[in-house]
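**Q** All chains should be modelled from the sequences, with the hints used to inform the complete structure.
In the order they appear, the protein sequences are chains A and B. Counting in this note's numbering, the first sequence runs from 1 upward without gaps. Counting in this note's numbering, the second sequence runs from 1001 upward without gaps.
For the record, the hints were derived by calculation from the structure and aren't laboratory data.
Reference excerpt, derived from the structure (chain B facing chain A, CB under 7 Å, subset only): (1) E1173; (2) I1174; (3) V1262; (4) N1263; (5) F1268; (6) E1271; (7) F1299.
Partner residues are not named here, just some residues of chain B that face chain A (Cβ under 7 Å, in silico): (8) N1143; (9) Q1168; (10) A1171; (11) H1176; (12) T1178; (13) I1179; (14) D1180; (15) N1190; (16) V1259; (17) N1266; (18) I1267; (19) I1301.
Just so it is clear, CB atoms sit at the ideal spot from N, CA and C, and this is done for glycine as well.
There are 2 protein chains.
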Amino acid sequence: MIFRMQETKKHRLPVLAIDLGGTKIIAAIISNEGQVIAREYHLTLADEGVQPVINKIFSAVDHLLSLRNIGSSQLDSISIAAAGAINLEEGLITSSPNLPGWHDVPLRDIIEEKYGVKTFLINDANAAALGEHCFGAGKGVNNLIYLTVSTGIGGGIIINGELYSGSQGSAGEIGHMTIDTNGPRCNCGNIGCWEMLASGTAVAKEAIRRIRQGEESSLTEMVEGKIENITAEKVSKAAERGDSLALEVILKTATYLGVGLVNLVNIFNPEMIIIGGGMSKMGDLLLNPARQVVKERAFQISAQAVRIVPAQLGDDGGVLGAAAFAFQ
Amino acid sequence: MIFRMQETKKHRLPVLAIDLGGTKIIAAIISNEGQVIAREYHLTLADEGVQPVINKIFSAVDHLLSLRNIGSSQLDSISIAAAGAINLEEGLITSSPNLPGWHDVPLRDIIEEKYGVKTFLINDANAAALGEHCFGAGKGVNNLIYLTVSTGIGGGIIINGELYSGSQGSAGEIGHMTIDTNGPRCNCGNIGCWEMLASGTAVAKEAIRRIRQGEESSLTEMVEGKIENITAEKVSKAAERGDSLALEVILKTATYLGVGLVNLVNIFNPEMIIIGGGMSKMGDLLLNPARQVVKERAFQISAQAVRIVPAQLGDDGGVLGAAAFAFQ
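**A** This is the structure in structure tokens:
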């Protein structure tokens, strides 16, 4: 795919890509070779409501265009990666746990009408999958799964070099597979979802639970006794400094991460699984125990073949993926 | 795909297809329109060892050819669907729980050398998926999952109208996804696999467990007190006659079946899930509660879209699928 792009689309105009997340909006102008020509960040402030967020997208686009001194007609297209369930065909953000009030918002058409440029809208994890496939860790790898492990677990599936989005565009809700049928109910309505056990939220919750039960940890001091302020990031820092509770919590989470990875390896026999999102910053501390679970429990042929690697594009995964989607 | 076959391959020679299972061998001559021209069954008697089974395949092929009064040169190809892990590239049966002693048997080349005809070898559940897609319940459906629910749970994935077999040809081991991370260890090495909770084996085990604990059921009489002789088929019969223990066991299994279906619906957002194998003969008794779980727990867009239907090809699924694989 990347080859096709390089060979036949060399002189295409750039894409203006937007990554709309619950915390921040990233807007960037991206060449068809995956180069970020210009980029800017805004806080989403999602609680202000739908229209104020849309206005922030408008100003990000306007500002980027004026920075580069170009009009929207000098864009190939605009492409938005958004955190939430997307109706691909109709270009709607159907719902989003991180964007309160967003229900069936026709964001694609709103942007397209405002700027008079072909506009695309996809899910952010799907975008990041495509981004890593075209420009990152998965370059040249035709069958891969991308996971973003942060507050929750999102996913994107690349099959035969293309994003697989399912019959309604909602494939890839990998974080919502049951791995504990006797587990608690997830916000999504399902039971014992992977993301309840293997996400950043799970790390923080488990550390808080154990400390509240009276266990000792340097985390207590780190948050000045405000146990509820413990985050996955803080647990990770404590673990780096050798805190044994933090290390145990991460090992447990990594094992659960491995359980879900085994499922993906047995189902997809993928060449690669790429792990992005905040939790991936833990690196081998998280990935090695998860890889070990895959080695021990998955079908041997598939377990030996799969490479489980960290994402390479970091915060740019969403915009690069949105751009790749537009260029395809 | 089916259209391509009908339009451009109208005058192709037939395929001799073989379905090699743990219990029986089905051999059939199949036209490129999916018509079974001739068919015969043999008992596998797998315990006799590898060579005797291969000899049985030889005699099945020889007999079918002589029945039709043709030589192997009048075949398009020979295609084998086998119960077990397949090395697609090298044409090996890597291992098989139902074919004792079969380790890295180069069955494809053995047949190809014997008959001098291009020969194919694929996994039987993958074959059945392709068969249902080309000639059965999934005709015209481009994104579907096929499941065979019998002693275990096998699967096949059709994406964009083609069999998805993964990077080593071992994708589709759907029965071996963990749905109970605290569950017992499966023979495959994984823990709490779907097939341990939702297969025919699970039905029989659960009925036996409950009756041994002293619960009453007409099953006890049905097996003349030999509780260990209870099978899923017998539980199904007892349920049809209103036996409440049998009905409860099937409901529980159907619920677990639904749990795994939710995972597939959330991951793949497929148009259709086709359920074959012995357990599918229970029909709506099994499928309705499973459908209900999907409706309640899966992402709404995907849950509303997916059709969960019984397989149509029955015992011929394997040979028809093997033939479809060859014609592709």
